[in-house]
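Top line first, the protein sequences correspond to chains X and B. Residues 1 to 325 in UniProt numbering are what the first sequence spells out, letter by letter. Residues 1 to 325 in UniProt numbering are what the second sequence spells out, letter by letter.
Any given hint could turn out to be false.
A pair counts as met if it fits within one copy or between any two copies, since identical chains are not told apart.
To be verified - Quick list of in silico lysine-lysine cross-link-like pairs, DSBU-like style, CA-CA up to 30 Å:
1) 315 with 126
2) 53 with 144
3) 144 with 221
4) 204 with 95
5) 106 with 144
6) 106 with 126
7) 204 with 256
8) 266 with 256
9) 161 with 310
10) 204 with 279
11) 279 with 19
12) 234 with 19
13) 221 with 315
14) 106 with 161
15) 95 with 126
No wet-lab data here; the hints were simulated from the structure.
Protein chains: 2
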Amino acid sequence: MDAAKGLEVPSETLEAEVKAFFDSAPPLQNSDGITQQLDQFIQRNSSPSANGKARRIVCVTSGGTTAPLEQRCVRYVDNFSSGHRGATSTEYFLKAGYAVIFLCRKGSFQPFCRSLPDDPLLECFKPIDESNIQVCEAYSEAVKRAVVDHHTAVTGGLLLKLHFNTIFEYLQMLQIIAVSMRCIGPRAMFYLAAAASDYYVPWKEMVEHKIQSGSHLLDVKLVNVPKMLSVLRKDWAPLAFCISFKLETDANILLKKAGAALEKYKMDAVVANELSSRKEQVVVVTSAEKVLVMRNKSDADNDVENPLIKLLSDKHGTYIEHPGR
Amino acid sequence: MDAAKGLEVPSETLEAEVKAFFDSAPPLQNSDGITQQLDQFIQRNSSPSANGKARRIVCVTSGGTTAPLEQRCVRYVDNFSSGHRGATSTEYFLKAGYAVIFLCRKGSFQPFCRSLPDDPLLECFKPIDESNIQVCEAYSEAVKRAVVDHHTAVTGGLLLKLHFNTIFEYLQMLQIIAVSMRCIGPRAMFYLAAAASDYYVPWKEMVEHKIQSGSHLLDVKLVNVPKMLSVLRKDWAPLAFCISFKLETDANILLKKAGAALEKYKMDAVVANELSSRKEQVVVVTSAEKVLVMRNKSDADNDVENPLIKLLSDKHGTYIEHPGR
């Protein structure tokens with residue numbers, strides 16, 4: 001998302017853009033069902049737990065969104081994101097005692113499945129005869145842990161998974177989640193790791209049918225997606241602890257852009273990551289400091305998300321005690 | 001792909017376009033390893049089988065290709081395709097006695113897994129205690145069949161799976177496969193169900209870093225991908241039996257476009273399918289006739305690919321006897 005100060009959009013213009021975006025979006029399927037699931041999840045996790053305090057709830061967004069180019073969609077602009085960051089972070093948030101609303105792209109990485117191959121059923125199991133199968137020795141432990149830990153989190157009411165494909169679905173669901181979480185005030189965290197489209201074709205300007213390939217050149221004109229971080233902070237969830245991400249391929253502009261985003265969208269922290277080193281290190285940018293967070297290389301199983309979630313959880317704890325911004 | 005006769009590209013222009021496409025493409029990783037796998041697979045399936053004839057080999061392409069917008073790719077234009085058609089067809093080709101080279105998009109549908117949920121490991125298995133798991137009753141049979149049938153086909157040397165993401169990888173691999181299969185003449189079939197990008201940004205014209213989102217409008221200019229069907233037919237695999245696909249969302253133009261593609265690219269058949277009805281029926285267009293192929297609705301487990309592969313296999317058999325075109 002753009003963070004250049006000189007391009008600040010006046011708030012009445014932003015409001016009009018946001019309204020136009022949602023008015024033109026195709027209606028979200030099953031929005032009532034989603035709201036109901038969220039309300040139950042938030043209520044279940046709002047009664048005091050063992051330590052006498054109610055559990056914190058984080059909404060982790062993960063994976064890339066698509067921007068369709070045709071209403072009956074054949075082509076779309078997609079944003080690269082495997083969803084590894086969001087899935088891994090979800091595991092550490094659960095370990096840290098959070099309940100997690102995991103809003104992810106269909107088909108992206110799922111929590112507890114990181115150490116498995118792409119196609120775990122076909123690659124981790126083998127037949128022992130014509131009609132019986134068993135897990136391959138090499139994956140035995142990883143498969144068991146994935147199924148047991150995932151099942152424990154979901155049936156224990158600590159992990160709620162919701163799925164999107166398009167930027168329209170993503171932002172509509174993010175709004176529903178934020179409004180549902182408003183009642184828990186500063187106990188809510190947003191950890192916005194999804195790679196949301198910066199540009200889209202407004203639904204009403206989109207052609208209905210597949211674009212024909214007769215001409216030599218295809219000229220696709222997309223417009224900026226309204227800056228929803230501002231709206232999330234200001235209107236949807238004003239008391240929540242908000243973390244956004246800034247991914248760049250050019251390390252030279254990364255920290256400057258992260259700092260600008262922090263200020264412009266009034267985030268509590270921005271996680272700055274560079275495409276090629278993002279699994280090794282990130283920088284957490286807050287108004288007070290810039291903290292370099294690195295993976296513990298002495299432990300092969302360790303992830304940069306381990307110290308990252310520890311740091312953010314600490315900062316969130318401090319914020320809950322003193323929610324003033 | 002474009003099928004308008006008026007826009008025919010002179011052959012020297014096409015050759016130059018094809019050369020420019022491949023020259024500018026990033027080199028395919030592990031192309032020697034892929035060639036070796038292919039040579040072994042084709043050789044293994046070229047000795048006479050039980051009926052005294054060598055096995056037929058089909059290359060099934062499946063899933064959509066991406067066209068990157070940046071060299072260090074964050075954004076890309078993607079083509080919608082779950083890969084269901086290619087995965088299902090592969091099963092029926094194996095049943096019909098073919099050996100199958102399955103060239104598919106990473107993450108797209110895999111053969112033998114159609115009746116399983118999106119995330120089969122997490123959804124089909126459950127813990128029985130802290131450290132043991134079992135398959136859920138409802139999926140027991142489907143999971144066993146997927147693992148056993150897939151394993152049988154792969155270890156039996158009848159199914160070779162190769163993966164692509166970008167249009168560059170797809171076309172480079174298709175070329176390698178076609179050239180490797182040239183030695184088996186009319187016994188080769190190409191069943192091109194993948195949704196290949198019509199438009200791309202030439203690698204050398206692509207920006208290196210992530211496109212910044214500062215401006216209100218993103219104007220993406222893509223150029224036509226050279227018509228590789230012509231090259232496949234003419235240069236790469238002149239004796240193979242070639243089936244291409246035509247997908248449209250507008251039924252009114254579908255058959256006309258399929259017929260034009262048949263003639264322009266000198267395919268042996270074009271399978272015409274309309275987006276909304278593609279799992280129920282297709283039309284096989286050849287120079288002699290148009291055959292409507294429908295799913296047998298009296299059997300819930302039946303697929304339109306069952307009669308489709310039967311029909312194409314018959315036509316391929318006739319072609320092998322009389323390969324003149």
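Going through the hints against the structure:
1. For the homomeric pair residue 315 and residue 126, neither the shortest alpha-carbon distance inside one copy (46 Å) nor that between copies (36 Å) is at most 30 Å.
2. Proximity of residue 53 to residue 144 under the C-alpha cut-off of 30 Å is found in neither arrangement, the shortest distances being 32 Å within a copy and 46 Å between copies.
3. Proximity of residue 144 and residue 221 under a CA criterion of 30 Å is satisfied in neither setting, with 48 Å inside one chain copy and 48 Å between copies.
4. Taking the shortest alpha-carbon separations for residue 204 and residue 95, neither the intra-copy value of 44 Å nor the inter-copy value of 46 Å comes in at or below 30 Å.
5. With identical chains, the CA atoms of residue 106 and residue 144 are at most 30 Å apart both within one copy (23 Å) and between copies (25 Å).
6. When the C-alpha separation of residue 106 and residue 126 is checked against a cutoff of 30 Å, the pair qualifies both within a copy, at 27 Å, and between copies, at 21 Å.
7. For a Cα distance limit of 30 Å, the shortest separation of residue 204 from residue 256 across copies, 28 Å, qualifies, whereas the shortest one inside one copy, 36 Å, does not.
8. Taking the closest pair of Cα atoms, residue 266 and residue 256 come within 30 Å of each other only inside a single copy of the chain (15 Å); across copies the shortest separation is 56 Å, beyond that limit.
9. Only within a single protomer do residue 161 and residue 310 lie at most 30 Å apart by alpha-carbon distance; the minimum there is 22 Å, versus 41 Å between protomers.
10. For the homomeric pair residue 204 and residue 279, the shortest alpha-carbon distance between copies (28 Å) is at most 30 Å, but the shortest distance inside one copy (39 Å) is not.
11. In this assembly of identical chains, the alpha carbons of residue 279 and residue 19 never lie at most 30 Å apart, being 37 Å within a copy and 37 Å across copies at closest.
12. Taking the shortest Cα distances, residue 234 and residue 19 sit within 30 Å of each other inside one copy (15 Å), while across copies they are farther apart (54 Å).
13. With identical chains, the CA atoms of residue 221 and residue 315 are never at most 30 Å apart, being 41 Å at best within one copy and 44 Å at best between copies.
14. For a Cα distance limit of 30 Å, the shortest separation of residue 106 from residue 161 qualifies both inside one copy, at 10 Å, and across copies, at 23 Å.
15. Within a single copy, residue 95 and residue 126 get their C-alpha atoms only as close as 32 Å, which misses the 30 Å cut-off; across copies the closest is 21 Å, which meets it.
Violated hints, listed in ascending order, are 1, 2, 3, 4, 11, 13; each of the other numbered hints is respected by the structure.
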